[in-house]
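Participant: Modelling step: build the complete structure from the supplied sequences, incorporating the hints.
Heads up: the sequence lines are chains L and R, in that order. Numbered by the numbering used here, the letters in the first sequence go through residues 1 to 557 in order. Numbered by the numbering used here, the letters in the second sequence go through residues 1 to 214 in order.
Simulated from the structure, these hints should not be mistaken for laboratory data. Values in this document were obtained by computation on a predicted structure and should not be read as measured data. Keep in mind that a hint or two might mislead.
[Said to hold, decoys possible] Calculated pairs, EDC-like style, for lysine to aspartate or glutamate (alpha carbon to alpha carbon, straight line, at most 20 Å):
#1 L:Lys454 with R:Asp90
#2 L:Lys536 with R:Glu123
#3 L:Lys311 with R:Asp112
#4 L:Lys311 with R:Glu115
#5 L:Lys536 with R:Asp61
#6 L:Lys537 with R:Asp61
#7 L:Lys454 with R:Asp57
#8 L:Lys311 with R:Asp118
#9 R:Lys180 with R:Glu123
#10 L:Lys454 with R:Glu73
#11 R:Lys25 with L:Glu538
#12 L:Lys537 with R:Asp24
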Amino acid sequence: MSSLEAGADDFAYRDAPEPRALTPASPRELKRLIKDWRAGRATRNVLQAISDAYVAVFSAVMIGAMVVNVILKAQRTIAQCTSVSCLSARAILPWAAFAATVALALAASRLFGPVLASAAEGFWLLDAPISRARLLRSRLIGAVLAAFLGGALVGALVAALTGSTATEIVVWSAATALSAAASVAFAAAQQGIERHVLTRVATYVFGLLGVGALFSVVGVAAEWFSLGLSDDLGIEIGLVMIAASALVLLVSGVLAARRLGQIRRARLLTGGALVSGISGAFFALDIGLARDIVVERRAIERGHVHPRRGKGLGLEALVWREWQRLWRFPQPLLVLAGTIVVPYAADALGMSTLTPVFAALALFGATIPLLGGLRVLTRTGGLARCLPFSLARIKLASIAVPAILAGIWAVATTPAYLGFGDGAVERTVPDASLMAIATAAAGLLAAVRWTQAKGVDFGAPMVASQAGAFPPGLVTNLFRGFDVCLLTTAPMLLGLSPMWSLVIATIAAIILLNSMDAEAIRARQAEQQKLLAQQKKEREEAAAAAKQRKRQRTRKL
Amino acid sequence: MAKRATILKVSGLRRAFGPNTIFDKFNLEVRTGEAIALTGRNGAGKSTLLRCLVGADRADDGSVEVCGNAMTETSPEIRRDVATVIDDLDFFPDLSVVEHLDLLARAHGIADPDEVVDDVLEEVQLVPQSGQLPGTLSSGQRRRLALATAFVRPRKLLILDEPEQRLDTEGVTWLAQRLKSERQEGLAIVFASHEPELVETVATRVIQLGAPRG
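Facilitator: Below is the structure:
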C-alpha cells in the first residue's frame with residue numbers, strides 16, 4: 001500500500017499509553033546542568049589560564065606589593081603624629097569612609113537591582129516551573145557577600161591609612177563590611193516590593209554624612225571646633241555600629257529573601273543587561289564605555305524632564321545647556337564639594353608634600369561626571385558635526401562650566417596649601433594660590449584627557465606580547481588622565497616652584513585642546529601628501545616623456 | 001534662466017578596503033534644487049560614499065568640495081552648510097527631545113527658535129515626546145529626532161543615509177513629501193535609499209552603485 005492510499009483505519013484513535021507525569025527539575029538541578037554545559041565548552045582550566053597570563057599575574061603581584069608597602073609606610077608615618085589636626089583626622093576619616101561606603105553600596109544596589117538575572121536566565125529559567133525565590137537566593141547572597149568583602153577592604157584600608165591600631169582596623173573593617181552588606185540587603189528588600197524611595201533617601205543621607213564627616217576633619221584641623229574623640233570612644237562607637245549593622249542585615253536579609261519571588265522579571269533583566277554591558281566594556285578595558293552605560297541607564301530611569309528653554313546664541317547656547325544639564329543632575333556637584341576636603345585632610349594628616357597629588361587625583365575623579373557633554377560630543381562625530389563650530393571651540397564651550405567650577409575649587413582649597421595642619425609646610429599666599437591653581441588645572445585636564453579617550457580599536461593590528469596579542473592602546477588607555485595628573489603635579493611633589501606645574505599644564509592644555517582637531521590636521525597632511533605624490537608622478541611622467549623624445553631623436557640621427 | 005549654483009562637487013573619489021575597491025573615479029556634481037538618490041544592493045558602497053562626502057570617512061583619492069570649500073569634517077563653514085543624518089548621530093542622554101532641537105537652532109544663530117522647533121516637532125510627530133530623554137525613545141522615534149535635527153537648522157546640502165529606516169509607511173510618505181518640497185525650495189540633497197517611493201518622489205537623478213544583483 002502506498003502512503004497515498006491510507007484507509008480510515010490508519011487514522012483511527014489508538015489507545016496511547018497514559019502520558020507519564022513529569023517531575024519539574026529543581027533550580028539547583030537546572031543550575032548544575034548549565035554549569036556542566038559551560039564547563040564542557042571550556043578549553044582551558046583556571047590554572048592553564050593563569051599560566052597563560054603569567055605576566056599579568058606577576059604584574060598584579062608586583063603592584064599589590066607596592067600598594068601594601070605604601071600603606072604600611074603611610075600607616076607608620078601617621079601613627080606617630082600627635083597634633084590635634086592629625087588625631088582628629090585619624091578619628092573621623094574612618095567615619096567618612098563608613099558613610100561613603102554605605103552610600104555607594106545603596107547607590108549601586110539601586111542601579112543594578114541588587115538582585116539580577118541575565119537575559120539567558122530570564123528566557124530559559126525564569127519561565128520554568130520552578131520557585132523564583134529559590135533560584136534567586138544565591139544571587140542575593142552573592143550580592144550581600146560582595147558588598148561585605150568590598151566594605152571590609154575599604155574599611156581596613158582607610159583605617160590603616162589613617163594610622164589606626166590593629167584593633168581599630170579590625171573594628172572599622174567589620175563595621176564598614178557589615179554596613180555595606182546591610183545596605184545591599186535593605187535595597188533588596190525594597191526591590192521585592194518595587195519601592196526605591198527609602199533606598200534613594202538613605203543614599204543621600206549617608207552621602208551627606210560622608211561629606212559632613214570630611215568637613216569636620218577640616219573644621220577640627222582649623223580649630224573651628226573640637227570633637228574630643230578619644231581612641232577608646234572610636235572603638236566603642238565602631239562596636240555599636242557593628243551591632244546596628246548586623247541587626248539591619250538580619251532583618252533586611254529575611255525580608256529580602258521572603259520577597260525574592262515577587263521581583264518582576266523585567267526588573268531582574270534590566271540589572272542583568274546593565275551588568276552584561278558594563279562587564280563587556282570592562283573586558284575591553286573601556287572604562288569610558290562602562291560609564292556611558294551607567295549614565296544612559298540613569299537617564300532612562302528618569303525618563304522624562306520638564307523641558308527648559310535655552311539661552312544665548314552660538315557657542316553661548318552650548319555653555320548654557322551645559323549649565324542646565326548640570327542642575328538637572330546635580331549629584332556630581334556634591335562629589336566635587338566633597339573633594340575640597342581632600343587637600344585639607346592630606347595636610348592635616350601631615351602629608352603636605354603629597355597634597356597636590358592626592359587633591360589632583362580627587363578632582364580628576366570628581367570632574368569626569370561634569371564632562372558629560374564633552375564625552376557625547378567626542379565619542380562619535382555625529383552630534384559635533386551638527387554644530388557650526390570648529391571642534392576646538394566646541395570643546396572649549398563644553399569645558400567652560402567645569403573649568404569655572406575647578407576655579408572655585410582652587411580658591412576653596414588655597415588655604416590647605418598655606419600650612420593648614422600642625423607641622424605642615426608653611427607657604428606664602430601667592431605660592432599657595434599658584435599650587436591650588438596648578439592642582440585644579442591638573443585635575444581638570446586629566447578629566448578632559450580621560451573623557452575624550454577613544455575606545456580601543458580591536459580591528460587594528462595586534463601587538464605581540466608574552467601574555468598574548470593585544471591591540472595597541474589597550475593598556476595605556478587605563479592610565480589616561482592619571483598621567484596628566486602625575487606629570488603636572490610632579491614639580492610640586494619635588495619641591496619645585498608651582499610655576500613649573502603651570503607650564504606643564506599649559507602645554508597639556510594646548511595638546512588636549514588641539515587633539516580634537518587632529519582629524520583636521522591629519523586630513524590636511526593627507527591632502528598635502530596626495531599633492532606631493534601627484535607632483536612626483538607628473539615629474540616622473542615628464543622625465544619619462546623627455547627620455548622617450550631623446551631616444552627617438554637618437555634613432556633618427 | 002540663471003545657472004544654478006554647484007553645491008557639491010566630487011572628483012575622482014576612490015575608497016578601498018584592502019584589496020576590495022568600493023568605488024573608484026567617482027564623480028558627481030550636485031546643484032541647488034537637485035536630489036541625487038544612491039541605490040544599490042547591500043554592501044555596494046552607498047553608506048561609505050556618504051561617509052566620505054560628509055568627512056566621517058577619508059577617501060583614498062579624489063576630492064570633495066562643498067560650496068567651493070574643500071571638505072574637512074571639522075570646518076565650521078562645512079558644518080554650517082551641510083546637514084547630515086548618517087548612522088553616527090549621538091544624543092545627550094540628559095537633554096530632552098525639544099531641548100536638543102532648541103540647542104541646535106540656537107547654535108546655528110536662530111534667535112527665537114520656538115516657532116521653528118515647534119513646527120519641526122509637530123511635523124515629525126514628536127510633540128508628546130518633547131520632554132522625554134532620548135534613551136526612552138523607540139528606534140522609530142529616535143530616527144524622527146535625527147531627521148528633526150537636520151530640519152531645524154539652516155542648510156544648503158542635506159545628506160541622508162537610508163532616512164526611511166525604522167519609519168512606518170505613513171512616515172515614509174511624509175518624508176518623501178518633505179524632501180520633495182525641500183528640493184523644490186532649492187536645497188541640494190544626496191541620499192541613499194532602498195525605498196522606491198522615496199526615490200521616485202524625491203530624486204532628480206538616480207545613481208546605481210555596485211553591480212546589480214545577477
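Participant: The structure should be examined with respect to each hint, and the outcome stated for every one.
Facilitator: These are the hints, each one checked on the structure:
1. Only pairs whose Cα atoms come within 20 Å are accepted, and L:Lys454 paired with R:Asp90 is accepted, the gap being roughly 15 Å.
2. Under the criterion of a C-alpha separation no larger than 20 Å, the hint pairing L:Lys536 with R:Glu123 is inconsistent with the structure, at around 54 Å.
3. With a C-alpha separation of about 10 Å, the suggested pairing of L:Lys311 with R:Asp112 holds against the 20 Å cut-off.
4. About 15 Å separates the Cα atoms of L:Lys311 and R:Glu115, which keeps this hinted pair within 20 Å; it holds.
5. Distance check on the hinted pair: L:Lys536 and R:Asp61 sit about 15 Å apart at the alpha-carbon level, within 20 Å; holds.
6. For the hint linking L:Lys537 to R:Asp61, the alpha-carbon distance of about 14 Å falls within 20 Å, and the restraint holds.
7. For the proposed pair L:Lys454 and R:Asp57, the alpha carbon gap of about 16 Å is at most 20 Å, so the pair holds.
8. Note on L:Lys311 and R:Asp118: the hinted pairing holds, with a Cα-Cα distance of about 17 Å set against a maximum of 20 Å.
9. At most 20 Å may separate the alpha-carbon atoms for a hinted pair to count; R:Lys180 and R:Glu123 meet this at roughly 15 Å.
10. Among the hinted pairs, L:Lys454 with R:Glu73 is consistent with the structure: their alpha-carbon atoms are about 18 Å apart, no more than 20 Å.
11. Under the criterion of a C-alpha separation no larger than 20 Å, the hint pairing R:Lys25 with L:Glu538 is consistent with the structure, at around 18 Å.
12. At roughly 19 Å between alpha-carbon atoms, L:Lys537 and R:Asp24 fall within 20 Å of each other, so this suggested pair holds.
Hint 2 from the list above is the single one not met by this structure.
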